[in-house]
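Engineer: Protein sequences appear in the order of chains A and F.
Going by the numbering used here, the first sequence opens with residue 164, and the numbers climb by one from there.
Going by the numbering used here, the second sequence opens with residue 164, and the numbers climb by one from there.
Warning: the hint list may mix true and false statements.
You can't tell identical chains apart in this list, so a pair holds if it fits in one copy or across any two.
Derived DSS-like pairs: lysine-lysine, alpha-carbon spacing no greater than 30 angstroms straight-line [claimed, not checked]: (1) K249 <-> K233; (2) K201 <-> K249; (3) K204 <-> K216; (4) K200 <-> K233; (5) K249 <-> K200; (6) K204 <-> K249.
Calculated directly from the structure, the hints in this document are not laboratory data.
Here's the letter readout for the chains.
There are 2 protein chains.
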Amino acid sequence: MTEYDYRTLDDVIHSRVRLAIMSYLMTAREADFSALKKELKLTDGNLSTHLRKLEDHAYVSVTKGFAGRKPQTTVAITETGDTAFKTYVEGVAAMLGPQAT
Amino acid sequence: MTEYDYRTLDDVIHSRVRLAIMSYLMTAREADFSALKKELKLTDGNLSTHLRKLEDHAYVSVTKGFAGRKPQTTVAITETGDTAFKTYVEGVAAMLGPQAT
């Protein structure tokens, strides 16, 4: 079935930056803030802003700790985020329809 | 290959409304303004705004004419739009990676 109502796509995930973050975490499951920043070619501010939005929706969890004496921030995808991402992918596939295959 | 740089996704197409318009036109090739509005569940203003942006990038062409005495606006995908959409779909597939299949 093809679905052309744009509201079927979760706006929290759809933003290009957050889509990149979520796609990365779907495979990696968790990542260090610096690694994520490097991999996605984002600035600190940009990554922080989008992580906050994802955290607000409980799609990721952000944990601050230490690696030795160095502060380290770890970002992990949550069960909620995993489910939301899968629903999003289904929505995109339904919208793109035959083009996607 | 998986690509996590969000800049690979064409922002002109990525907006949820424009993605819905372009997806629809990839199959329909052209559509009457009213039909498009109804199919995508959009208001006149919302559809117009996004069509203008797509038209500015030559992804769609908008033709005003008459069906009998009734004014009719026809929207068609262009060759440029077709190519841009296909590139976008490849970019999304590369970003979603194994999740998309």
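Engineer: All the hints need checking, so say for each whether the structure fits it.
Structural biologist: Cross-check of the supplied hints:
Within a single copy, K249 and K233 get their C-alpha atoms no closer than 35 angstroms, and across copies no closer than 45 angstroms, so neither meets the 30 angstroms cut-off. Taking the shortest Cα distances, K201 and K249 sit within 30 angstroms of each other both inside one copy (25 angstroms) and across copies (28 angstroms). Both within a single protomer and between protomers do K204 and K216 lie at most 30 angstroms apart by alpha-carbon distance, with minima of 18 angstroms and 27 angstroms respectively. Taking the shortest alpha-carbon separations for K200 and K233, only the intra-copy value of 17 angstroms comes in at or below 30 angstroms, while the best inter-copy value is 55 angstroms.
Proximity of K249 and K200 under a CA criterion of 30 angstroms is satisfied in both settings, with 23 angstroms inside one chain copy and 28 angstroms between copies. For the identical chains of this complex, K204 and K249 are neighbours both inside a copy (24 angstroms) and across copies (24 angstroms), given an alpha-carbon limit of 30 angstroms.
The structure is inconsistent with hint 1 alone, although it conforms to all the rest.
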